[in-house]
Amino acid sequence: MLDTVSRVSEEAKVEALAPEPPPTPDAAEAQEVAAGEKRPVPVDVFSPRLISTLRTGLPIVWLAAAALAGLLSGAPLLLLILAAGALALVLTLMWSSVQSLTGGAPLGFEEALGMGAPSRVEEEKRAVLRALKDLEYERSVGKISPEDYAELSARYRAEAKRLMQSLDAALGPAREEVERAIEERLARLGVEPPSAKPAENPADPRPESSEKTS
Amino acid sequence: MLWQSLPEFGTGVLYAILVAAAYTFAVSLAAGRGRPRLLTAARLGAYATSALVLFGVLLLAYAFQTHDFRIRYVSHYSDRSMSTTYLLTSLWGGQDGSLLWWSLLLSIYTTAAVAWLKGRYRELQPFIIATLMVIVAFFAVLMLFSANPFETNIAGARPDGEGLNPLLQNYWMIIHPPALYTGFVGCSVPFAFCVAALVTGRLDNEWIVATRKWMLFAFLFLSIGNVLGMRWAYEELGWGGYWAWDPVENAACLPWFTAAAYVHSTMIQERRNMLKVWNVFLICFTFFLTIFGTFLTRSGIISSVHSFAQSDIGTYFLYFMGLIAATSLGLIVWRLPLLRAKSEIETVASREAMFVVNNWALLGAMTFILIATMFPKLSELWNETVTVGPPFFNRWLAPIGLIIFALMGLAPLFGWRKTSPGALKQAFKWPLVAFVVAAGLHVALGAGLGYPAIVPRDPFYPGVVGLILQKVGSLAPVVTIALAAFNVAVIVQEFQRGVSARRRSADKRGEPEGALGALVNLIAKNRRRYGGYIVHLGIVGMFIGFVGSAWNLEREVTMTPGQTHEIGDFKLEYLGTRMCPGNPKCSAEEQADLNKRMLFADFHVMRAGHDLGLIHPAKFFYAKNPDGPTTEVSLLQSLRQDLYTVIGTIDPQSKRGTFRFHVNPLVMWIWSGGIVLILGACISLWPEVAFGELGAWSYVRAGAGVAAGAAFSLWLAMSPSYAYANPRPTANRPVPHARAEIPLSRSLPPLGATLLGLGLGAVLSTRRRRPLDVRHGQPRV
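Those protein sequences? They're chains A and B, same order as listed. Residue numbers for the first sequence follow the numbering used here, beginning at 1 and rising by one. Residue numbers for the second sequence follow the numbering used here, beginning at 1001 and rising by one.
In short, the hints are calculated from the structure, not lab data. Since the structure is predicted, the reported quantities are computational estimates derived from the model, not experimental observations. Mixed in with the good hints, there may be bad ones.
Claimed, not checked - Each computed BS3-like pair below joins lysine-lysine, with the alpha-carbon atoms no more than 30 Å apart:
{"id": "1", "chain 1": "B", "residue 1": "1425", "chain 2": "A", "residue 2": "133"}
{"id": "2", "chain 1": "B", "residue 1": "1585", "chain 2": "A", "residue 2": "161"}
{"id": "3", "chain 1": "B", "residue 1": "1525", "chain 2": "A", "residue 2": "133"}
{"id": "4", "chain 1": "B", "residue 1": "1118", "chain 2": "A", "residue 2": "133"}
{"id": "5", "chain 1": "B", "residue 1": "1429", "chain 2": "B", "residue 2": "1525"}
{"id": "6", "chain 1": "B", "residue 1": "1508", "chain 2": "A", "residue 2": "133"}
{"id": "7", "chain 1": "B", "residue 1": "1624", "chain 2": "B", "residue 2": "1585"}
{"id": "8", "chain 1": "A", "residue 1": "133", "chain 2": "B", "residue 2": "1213"}
{"id": "9", "chain 1": "B", "residue 1": "1418", "chain 2": "A", "residue 2": "161"}
{"id": "10", "chain 1": "A", "residue 1": "133", "chain 2": "B", "residue 2": "1418"}
{"id": "11", "chain 1": "B", "residue 1": "1425", "chain 2": "A", "residue 2": "161"}
{"id": "12", "chain 1": "B", "residue 1": "1585", "chain 2": "B", "residue 2": "1508"}
{"id": "13", "chain 1": "A", "residue 1": "161", "chain 2": "B", "residue 2": "1525"}
{"id": "14", "chain 1": "B", "residue 1": "1525", "chain 2": "B", "residue 2": "1425"}
{"id": "15", "chain 1": "B", "residue 1": "1429", "chain 2": "A", "residue 2": "133"}
{"id": "16", "chain 1": "B", "residue 1": "1418", "chain 2": "B", "residue 2": "1585"}
Just need the whole structure built from these sequences, with the hints factored in.
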């Protein structure tokens, strides 16, 4: 449970990382969905597992049918069945696109995640870490003098430290805010916050495992 | 019903592609304002557009298979006698279909890019998709208004089609255009990234890392496409060589130079935060050159053996090139303040300085080829037409090529930023020894082996320039061999230093590694670096192959049956001719071929007393084209030299014939070098992920990729070959036919295809079970 909470908490930080975009209908909708208010959850005929199975299964059936038709009847029928499948794919994708455009489809995890695009600082941090890795290699094969290595290494490390501190500083307030929001949500749902859960119950192994994962 | 309305329906699909691309473009731009829901709609729109293009291609393929000769394109490029395979290859055999094929490849790239971008570069995504959709829309417009592959014949359906050009009915031609197109179209994705980065102002170094992989993929396929094109020309055109500096060949290699320059210069931006303007320029220019190359091929402004039918398509390309140039330059100028370098080259003794010089050399070669290719057209501006032939290119590009070859070896010897004199001395010692020893050995032993170190050349021009070019041309063989040794020594040294460093580090950790284990781990942990060195090794092989042309032998002889002729080490005995079908010595397959009549000349080949078997150059007279027989080359290949034989003319009564024999040394090194290059590029592209991190599904996909490669190899191995040769002794054996033996040349395509399969497996298995860094929605680095 703590693992899940921690994951949700981390996911929620994504929104906090976004450079405060103006509130959009999507964002408002996401907040409503996240808060569990307003819209009742619709009864979905297609469970995610069924959709996932269909996504994998239908193309396989389609290709198998085309191959079988090709073997039995020749290339024209094979191509015709492949074309029919492609047309069905076009219609499905276009329908989904229009649904997404008009707000007919619920906001997905990836979309919500996308509200917090990686920051420029994060990308700079990666570049500096990569430069440090290269520097280590250059030193190991003797392509750089010890003096140059020391100077460059110190420079890159200082830069990496500065960027990491900058990232942490940016994340701090958001992290607190998200943790508070999660506690409120859990309280509303009647779930005891994980920190308040007694760990002394020997029959429940969750605290130990969750500690490992978190 | 479908059959009755297929042409109209196909044209309707082209309209639908245009509408879908326009819709996706508009939604993408709207998504650029930061609305994730719109981005999802744009992504789905991009997938739908791609599926629509696939639908169009399948419809055209169906029209070919059902011989729907109402459609002009089908009747021009196929006939009822063609096999299923060639009916499929007819899809890209002519202009209209090749544009649809181009759109399909672009759609595959778009799908791959959009799928790969999921969760990555969300700010850039909308503009990447929008740019790709503009390109798709351009090709849709082109097809709809100038080269519609579904257009019907004015006079109605014909009873039979004209058939595919016999020159294109060759297995190299089955895979050469798709490979080259894959390379050309692959440059669209880096261009889309570049436009997106310029529009959003996200010009840090992260996007360039992603772009490099896409460009490397395009570079890989440009290399494959060009090598296959060379191989096709070598086997099919029958003039004895592989590269004739034809405008279309040149157009195909131009983006290769800029892509090669980019994959090097991008490393400078990654490491030193420099050359940002240069890199965005290279990406835009590479894409521009792919369109320019297509314009050259399609517009017919320069005469070429490859030219498609004349049409007004060139005008559309001109407008599109103008749009690309204006957009690219406008965006670069707009973003110049963000593109300023944050550091500079400190000394010439640094890798970045070497890379910059290397970039200039590559761009110099590209510019030279571009101007020389366009020169006949440019010279019309002052009312005279100057033709530029292969000798001109060969003379001038020899020194430029040698400079690039030298720089390829020099750059890895330097470290980033600056290299101390001690380190330089240490790095140069063994490569220089290899250079001097190779040059010395070549001078001492080369002439005795038939490969003299210095090959005298005639002066090309009067004056100093002519003298310099003459000297460089004469010395090119020994310099190339010495530089090849230098390059190999550098590569071996780099591997040796890496292995030593790795073993030292492992010893310190108390986990000692063997030399082989350390080598494998070294490559596995630094795929980009060591894959690059393997690419260099492939290029060394190709340079050795190129220099072989300095020692070519060529004879044109007239012979009657029973006569013998000696050329180089080879002794050829002319046995006579046979016309198939009809002659009892013909194979069952040849007897059953009713599409053409085949005139074979049989030769018995000996070398230094060894029986090498029979070879059979031929002339094929296609039923659809009886007045234009094709020349079918017969080859005996080895790493040392090729025996290349061609029929000139044959008197059907006396069997007296005129033949051309070539001994082409070291040509096999070009194909072998090409395979090593592909292997190296695949290693560089292989995703940076440990096998343990891969999910089970990824194993399945990788396996499927390899299986596809193996199946493809098998298919190629079973395809008919027109390069007739049998390198085994043939005493007491009937005259063999093409399938009797699989010569070495035939084993190359399967090997290449297997590598392709491995590459496919690598790409397919990139999607791993990755732990998400949930703070940023990115996989952990």
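Do the hints match the structure? See the list:
1. Distance hint between residue 1425(B) and residue 133(A) is fulfilled; the C-alpha atoms sit about 25 Å from each other, no more than 30 Å.
2. Simply put, residue 1585(B) and residue 161(A) have alpha-carbon atoms about 80 Å apart, too far for the 30 Å limit, and the pair is violated.
3. About 12 Å separates the Cα atoms of residue 1525(B) and residue 133(A), which keeps this hinted pair within 30 Å; it holds.
4. Taken as a hint, the residue 1118(B) and residue 133(A) pair is honoured in the structure, with Cα atoms around 27 Å apart against an allowance of 30 Å.
5. With a C-alpha separation of about 27 Å, the suggested pair residue 1429(B) and residue 1525(B) falls inside the 30 Å cut-off, and the hint holds.
6. Taking the CA atoms of residue 1508(B) and residue 133(A), the gap is near 18 Å; set against the 30 Å cutoff, the hint holds.
7. Distance hint between residue 1624(B) and residue 1585(B) is fulfilled; the C-alpha atoms sit about 25 Å from each other, no more than 30 Å.
8. A threshold of 30 Å between alpha carbons decides the hint, and for residue 133(A) with residue 1213(B) the separation of about 19 Å falls inside it, so the pair holds.
9. Proximity of residue 1418(B) to residue 161(A) is assessed by CA-CA distance (about 25 Å); at most 30 Å being required, the pair is judged to hold.
10. Restraint check for residue 133(A) and residue 1418(B): satisfied, since their Cα atoms lie roughly 17 Å apart, inside the 30 Å limit.
11. Note on residue 1425(B) and residue 161(A): the hinted pairing is violated, with a Cα-Cα distance of about 36 Å set against a maximum of 30 Å.
12. The straight-line distance between the Cα atoms of residue 1585(B) and residue 1508(B) is roughly 71 Å, outside the 30 Å bound, and the hint therefore fails.
13. Distance restraint check for residue 161(A) and residue 1525(B): the Cα-Cα separation of roughly 25 Å lies within the 30 Å cut-off, and the hinted pair is therefore satisfied.
14. Proximity of residue 1525(B) to residue 1425(B) is assessed by CA-CA distance (about 28 Å); at most 30 Å being required, the pair is judged to hold.
15. Restraint check for residue 1429(B) and residue 133(A): the C-alpha separation of about 27 Å stays at or below 30 Å, so the hint holds.
16. About 70 Å separates the Cα atoms of residue 1418(B) and residue 1585(B), which puts this hinted pair outside 30 Å; it is violated.
Going down the numbered hints, you'll see the structure goes against 2, 11, 12, 16, while the others check out.
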